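With the hints as extra help, turn the sequences into a complete structure.
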Amino acid sequence: MTPLAGLIAALALLEGMVRGLRRARSLTWTSAPPRLLSFLSHPYALYVRRPNCDGLYPSNSLGYAGKREYPPACLPGTIRIYCVGGSTTEAHDPAQGPDASWPGKLQDLLAQRFPGTAFECINAGTAGYTSAESLAEFAFRGVDLKPDLLVVYHNVNDAWTCQMVEGFRSDYSHARRHKPWDVGWINRLPPIPWWAGYELLRGWIMRRWGKANALIYWIADPPWRSARSFQPQAVAAFERNIRNLIALATTWDCVPVLIKWECDWAARRVPNYLEPHPETAEVYFRYLQANNEALARLGAAVPGCHYLDVGPFDPEHFSDTIHFSPQGLEEMARRVADGLLPVVQSLMVSAGGR
Numbered sequence: 001m002t003p004l005a006g007l008i009a010a011l012a013l014l015e016g017m018v019r020g021l022r023r024a025r026s027l028t029w030t031s032a033p034p035r036l037l038s039f040l041s042h043p044y045a046l047y048v049r050r051p052n053c054d055g056l057y058p059s060n061s062l063g064y065a066g067k068r069e070y071p072p073a074c075l076p077g078t079i080r081i082y083c084v085g086g087s088t089t090e091a092h093d094p095a096q097g098p099d100a101s102w103p104g105k106l107q108d109l110l111a112q113r114f115p116g117t118a119f120e121c122i123n124a125g126t127a128g129y130t131s132a133e134s135l136a137e138f139a140f141r142g143v144d145l146k147p148d149l150l151v152v153y154h155n156v157n158d159a160w161t162c163q164m165v166e167g168f169r170s171d172y173s174h175a176r177r178h179k180p181w182d183v184g185w186i187n188r189l190p191p192i193p194w195w196a197g198y199e200l201l202r203g204w205i206m207r208r209w210g211k212a213n214a215l216i217y218w219i220a221d222p223p224w225r226s227a228r229s230f231q232p233q234a235v236a237a238f239e240r241n242i243r244n245l246i247a248l249a250t251t252w253d254c255v256p257v258l259i260k261w262e263c264d265w266a267a268r269r270v271p272n273y274l275e276p277h278p279e280t281a282e283v284y285f286r287y288l289q290a291n292n293e294a295l296a297r298l299g300a301a302v303p304g305c306h307y308l309d310v311g312p313f314d315p316e317h318f319s320d321t322i323h324f325s326p327q328g329l330e331e332m333a334r335r336v337a338d339g340l341l342p343v344v345q346s347l348m349v350s351a352g353g354r
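When the letters of the sequence shown are read in order and numbered with the numbering used here, they come out as residues 1 to 354.
Where hints are given, some of them may not hold.
As the list claims (entries may be wrong) - List time: in silico DSSO-like cross-link candidates among lysine-lysine, alpha-carbon distance up to 30 Å:
| hint | residue 1 | residue 2 |
| --- | --- | --- |
| 1 | Lys146 | Lys67 |
| 2 | Lys67 | Lys179 |
| 3 | Lys260 | Lys67 |
| 4 | Lys146 | Lys260 |
Stated by the list, open to error - Across the chosen pairs, the derived CB separations fall in these ranges:
| hint | residue 1 | residue 2 | range |
| --- | --- | --- | --- |
| 5 | Lys67 | Pro3 | 16 to 24 Å |
| 6 | Pro115 | Thr250 | 28 to 36 Å |
| 7 | Val349 | Arg169 | 43 to 51 Å |
| 8 | Glu166 | Pro342 | 42 to 50 Å |
| 9 | Gln233 | Gly77 | 23 to 31 Å |
| 10 | Trp181 | Ala267 | 32 to 40 Å |
| 11 | Lys67 | Gln327 | 16 to 24 Å |
| 12 | Phe140 | Phe285 | 28 to 36 Å |
| 13 | Leu4 | Ala214 | 36 to 44 Å |
| 14 | Arg268 | Lys67 | 34 to 42 Å |
Because the hints were derived from the structure by calculation, they are not lab data. No experiment lies behind these values; they were computed from the predicted model shown. Cβ atoms here follow ideal geometry from the backbone N, Cα and C, with glycine treated the same way.
Dropping the structure here:
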């Protein structure tokens, strides 16, 4: 037997052993693409979704969550709703399809309740986004789509961003970084589905050394020393950002709607980005409550702005205490649709849609 034939035989034997071991022990022999590959650097919004992504983080040709396509110009007879927030707006149930987020379900519910009127709920929610990124993204991209309604579901990312690093700055530069958008060679290893041994090795390498290519490493500098004192100026910065979103929306003839942020409050879970300390947890939940109070305050004080209190939710409505479960996505969409009914009716009366 020649050396080449011996090598081929050895590889074939190894491949057979890996396949047998995989079947016997249910080994994970592949690794999902890192979430970072679903985003692109942006000069003003820090980062945005990459267009035309499939898999766990689907996006359409405009670079928004889900696979539904929307024309750049809103068609006559259509009411366009622009939903901003973090991953609690972006997230969907993969088992139900790429558009099974609560904005996607909201679009379906409104279409059912208003036959003859077309609705477009653009899901501009983006993992990790605070009100600052949404403000910049809406200013430079969202307003060009000329939405009729701006739905804002923000809080949690602002709450942990303001305390994840000591030395708070009102522009969030204490925690945010703008870095070259390069995921490195580890997470660019190509999949070869038919080669079991390679896929097993590839998955192990990506899990072992590819963590630094997670999204958070490209917008911040972990590890951090979390702040353990409550700073009113952080809430003031959040309120300023939301107020600016409201002002921007009304300037462009878009009706702003603020939604009270919800979670499983009783679970008292602290994000992984904060140090696990009782004082840190107490400050974090103070920020969540204070930010919600700011949303309610703005909704009551700013003319033309609407406020929806969609809570409370049950624990089973959340998959991890903050992101909605499949049941929670349905319930959130229903409650938002109920709250938007008078707003949509008023819009249809005053403008007749588009």
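Hint check results:
For the given pair, Lys146 sits about 20 Å from Lys67 by alpha-carbon distance, which is consistent with the 30 Å threshold. Only pairs whose Cα atoms come within 30 Å are accepted, and Lys67 paired with Lys179 is accepted, the gap being roughly 28 Å. In summary, the hint linking Lys260 to Lys67 is supported, as the alpha carbons are separated by about 27 Å, within the 30 Å threshold. Between the alpha carbons of Lys146 and Lys260 the distance comes to roughly 24 Å, so the proposed pair stays at or under 30 Å and holds.
Hint check: Lys67 to Pro3, Cβ distance near 50 Å, so the stated range 16 to 24 Å is violated. A hinted range of 28 to 36 Å for the beta carbons of Pro115 and Thr250 is consistent with their spacing of about 29 Å. Our hint of 43 to 51 Å for Val349 and Arg169 holds, since their Cβ atoms are close to 44 Å apart. Under the hint 42 to 50 Å, the C-beta atoms of Glu166 and Pro342, about 44 Å apart, fit the expected range.
A hinted range of 23 to 31 Å is violated for the C-beta pair Gln233 and Gly77, which are about 46 Å apart. Restraint check, Trp181 to Ala267: a C-beta distance of roughly 34 Å satisfies the suggested window 32 to 40 Å. A hinted range of 16 to 24 Å holds for the C-beta pair Lys67 and Gln327, which are about 22 Å apart. Range check, Phe140 to Phe285: about 33 Å between beta-carbon atoms, so the 28 to 36 Å window is met.
Taking 36 to 44 Å as the suggested C-beta distance range, the pair Leu4 and Ala214 conforms, at roughly 41 Å. At roughly 36 Å, the beta-carbon separation of Arg268 and Lys67 lies within the given 34 to 42 Å, and the hint holds.
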